[in-house]
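**Q** So the sequences go chain by chain: W and Z. Mapping to the numbering used here: the first sequence position 67 is 67, numbers consecutive. Mapping to the numbering used here: the second sequence position 153 is 153, numbers consecutive.
FYI, nobody ran anything at the bench for these hints, they're computed from the structure. C-beta atoms are modelled at their ideal positions from N, C-alpha and C, and glycine is treated no differently. A couple of the hints might just be wrong.
Some chain Z residues close to chain W (C-beta under 7 Å, calculated; not the full set) [to be verified]:
(1) E13
(2) I15
(3) T29
(4) A32
(5) C68
(6) I72
(7) Q118
(8) D122
(9) S123
(10) A138
(11) V152
(12) Y156
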Amino acid sequence: MDLQIRKANGFDVNRISELLKGWLEETAFNYPGVCPYSHVWLANFIYTNTCFVIENDEKILGTIGMRYGTFPWNNEVGAFFCDFLIIDKVFRANGVAARLIEEVKKLSNENDMPVFLGIMTGIQADKKDRFLSMCGFEYAGGNFVYR
Amino acid sequence: MREAILSTANKSEVIIRRATEWDITNVLTLVALWIEEAAHSFIGNVCPSTGVYAAECIRSKLVLLAECEKEIIGILILKENIQPWDENVRFIVDEIFFVRKEYRASNAARLLLSKYKQILDDSGMSGILIMDNGTDMARKDKFMQRYGFKRVGCSYSYGEI
Numbered sequence: 001m002d003l004q005i006r007k008a009n010g011f012d013v014n015r016i017s018e019l020l021k022g023w024l025e026e027t028a029f030n031y032p033g034v035c036p037y038s039h040v041w042l043a044n045f046i047y048t049n050t051c052f053v054i055e056n057d058e059k060i061l062g063t064i065g066m067r068y069g070t071f072p073w074n075n076e077v078g079a080f081f082c083d084f085l086i087i088d089k090v091f092r093a094n095g096v097a098a099r100l101i102e103e104v105k106k107l108s109n110e111n112d113m114p115v116f117l118g119i120m121t122g123i124q125a126d127k128k129d130r131f132l133s134m135c136g137f138e139y140a141g142g143n144f145v146y147r
Numbered sequence: 001m002r003e004a005i006l007s008t009a010n011k012s013e014v015i016i017r018r019a020t021e022w023d024i025t026n027v028l029t030l031v032a033l034w035i036e037e038a039a040h041s042f043i044g045n046v047c048p049s050t051g052v053y054a055a056e057c058i059r060s061k062l063v064l065l066a067e068c069e070k071e072i073i074g075i076l077i078l079k080e081n082i083q084p085w086d087e088n089v090r091f092i093v094d095e096i097f098f099v100r101k102e103y104r105a106s107n108a109a110r111l112l113l114s115k116y117k118q119i120l121d122d123s124g125m126s127g128i129l130i131m132d133n134g135t136d137m138a139r140k141d142k143f144m145q146r147y148g149f150k151r152v153g154c155s156y157s158y159g160e161i
């Protein structure tokens, strides 16, 4: 599979929204669904942050959204925070996620900034643990929900 | 208004209450201890903006303190957020959850979580707890699940400053 990575633009909002919808249907947690506002949020996110899409034959298979920010308690230290990492269910196990993660690591190294990435789907946690450890990420702690 | 939960399980009573403006030094002290304990050097240190952060958190009335014999032994800083992709859905997330090392065998952490759950039940919002300081993770995992929080994933970090 010939995978190409590029920065997302406004024309990608609909496809990223579809991916988000698929992710929300899959997750074990009762998140709110995609609504008209989601497109506004996505368009704004793409414009103001760093969002990559990965495609094959001009079809977007996955996306990752990175937001530069500081810590609430310290505005002198910056990091990239991953707001979403979504791969189309059909195209998993094709190295799609690994390529996106490589791009994030490149971004981190180029800017000399750490990256924080949170997994909140409640499914396949062990598999994701193994995958991110193999990619050189360090486990920082569990994420929990109530209700 | 002082909201308290009294613990009768220990000899010393642990009281949970909301922080007031008079607690800013206590809040800063516990935030500093939490940062000091974190496994990641890039979480930062106490800086001038930490005082502003503590004051703003207190003002939002979402800072819970655990007090034992007039000493502040634990803190849970919460924040109300909107779900990024749906502005009509709100939830309450933790930013800092910390109990002084010497009081970890007390029930301070459990009482802080109980109060958090009560706030969630009263408001009808969902709660999210993110354990990301990289220390004592297996114990924290067990603890959260024992007290009714469902584990949905983990946090990871990459790179250094």
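**Q** Taking the earlier hints as the rules, which of them does this structure contradict?
**A** 1, 2, 3, 4, 5, 6, 7, 8, 9, 10
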